[in-house]
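Asker: Next come the chains, spelled out residue by residue.
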Amino acid sequence: MARRWSGVPLWVYVPATLGALFVVLPLVAMATRVDWARFGALVTSPASLDALGLSLRTSLASTLLCLVLGVPMALVLARTAFPGQRVVRALVLLPLVLPPVVGGIALLYTFGRRGLLGHALEVLGLQVAFSTTAVVLAQTFVSLPFLVVSLEGTLRAVGQRYETVAATLGAGPTLVLRRVTLPLVLPGLLSGSVLAFARALGEFGATLTFAGSLQGVTRTLPLEIYLQRETDASTAVALSLLLVAVAVGVVGLAAGRTGRVL
Amino acid sequence: MALSFSARLQERGFDVAFEVGDGERLAVLGPNGAGKSTLLGVLAGTVRPDTGRAELDGEPLFDVAARRWPAPHRRRVGLLAQDPLLFPHLTVLANVAFGPRAAGVGRPAAEQAARTCLAAVEAEHLAGRRPAQLSGGQAQRVAIARAVATDPRLLLLDEPLAALDVTLAPLVRRVLRQVLVGRTSVLVTHDLLDALLLSDRVVVLDAGRVVEAGPTAEVLRHPRTPFAARLAGLNLLLGTAGPAGVTTAFGLHVGASTAGLPAGSPVAAAFAPSVVSVFVDAPHGSPRTVLTARVVELEPYADEVRVTTETTSGETVTAAVTAAAVGELDLYPGRAVHLAVKATAVTVYPV
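Residue numbers (the UniProt record's numbering), protein chains in the order written: chain A, 1 to 262; chain B, 1 to 351.
Bear in mind the hints are in silico, worked out from the structure with no lab data behind them. All of these numbers come straight from a predicted model, not from anything done at the bench. Glycine included, each C-beta is placed from N, C-alpha and C at the ideal position.
Ranges between beta-carbon positions, derived for each pair: (1) 82/B / 68/A: 32 to 42 Å; (2) 182/A / 106/B: 16 to 26 Å; (3) 89/B / 76/A: 21 to 31 Å; (4) 212/A / 82/B: 57 to 67 Å; (5) 18/A / 171/B: 53 to 63 Å; (6) 279/B / 7/A: 49 to 59 Å; (7) 117/A / 133/B: 45 to 55 Å; (8) 76/A / 350/B: 48 to 58 Å; (9) 253/A / 300/B: 52 to 62 Å; (10) 68/A / 33/B: 38 to 48 Å.
Start from the sequences and build out the full structure, keeping to the hints where you can.
Answerer: Take a look at the structure:
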């Protein structure tokens, strides 16, 4: 590859390298503490497998829920104009800046037994709080904005010109969405889904507050790690490394598919 | 009457009405911001006017007062834009078959129709390619095939050749000329050649109004607006007829034959830049109109130089001179010159 003039001042490399080290070094430090002899046994204990399985299942479910709700939200935000749209966008993106614990409390007062919808749900025989459903809801709450922001940006960048042409060719709005819009924004959709999945996988605060920590039901991998840290540091480290590996795997998969990382 | 159109859109200061005869190709000319895009948008269904109605082949296309405003996909109005806008994730064949498929035609029949349309634009061999593998001219030909594959009742063309390299435009123009035969179409263009070859009638828009309309050849030979005159490459002076010429509102007099035109009636005087001679010293003993002017701009144009001048009375007159003459006369912006126009080279017509 020909080397192009970068125009970057030399001194910039110093803080840039420090920043990279700041991110990588803790991961290395953690890896050095792994008890490799017992690694296999630690990550395949029943509690660990329960937590890993639950994390993967709930993260996948919440990513799907994010897609079902987030794609229409992004479409409405990117393609339509209505009064109060800016306010709606700001509110929808609020979970990005909200402490997850606060999100958990808010969810509890919505879906909890004595929450806003709790009574109605109870009449229907549904109890959401402290169930696996609650885990999925908590994860969806915090990861939805990632998908919406990412997809809305892609939709705006792609523009409406292809859609106009498709309409003049006789395609109705649903056909245009399916055959033109979604294929065009596929990279953004994929990277948004990966972001949402990764955020769901790491979700801790809202889950603990709203869903509790019950092995096999609501105790996801981050919760298990936090719990083990108190009693068995080597298990916590082994599971942390596992979580890093899963996250890197997901991001790598998406990068290989779209040719770019997020 | 193939197409009758009238629409008003307060917000954009748009108020346009026109009619197009059966099988006639209409060209819409006008400076930027004149309302050309709005006109196409209203016809395509993407811009809704405050009031207006249009009729296509005897059927209403839209009628705002009667609450009839069909969505773009229900109009059978095709659109060909400056950029081909081929769907990048579909092959050329799938792009052209998109319209027939949307209309409910089965895949084999739609692909057969697509192949026929591709053949009509000499692009059949490109059927299996992706849009990214096409040159600009190839892509625009495929876009033409895609636009006509749905057999639209009206075809809108938004500067379809403007983005093409000059070496590629002629083939695409020829293809477009073939597919437009017998088709009602509305072409927005800034190009004289496109207007001459791809339209039978023109309307000239300015600030949201029709300022000139008529058969293409007639409008370009006898322009009545500065925009049409510039497009046709003619000098245009608007004024009143006198016994031996035309006097403009600024008091400039140009000698010309005004036989048959009542004195004092509003007329236009048109003359080509090539009949304007430029002198530094006032010429004597000549039967020509001599105007005093100041050079505003020099611009190379083909193998000559266009000298844009402003007369002392404030009119803009362009002269065509050779590059050698620019040097001999030492022309530069701001230079005072005399312009001579032969009376016999000036065409005068009523406006």
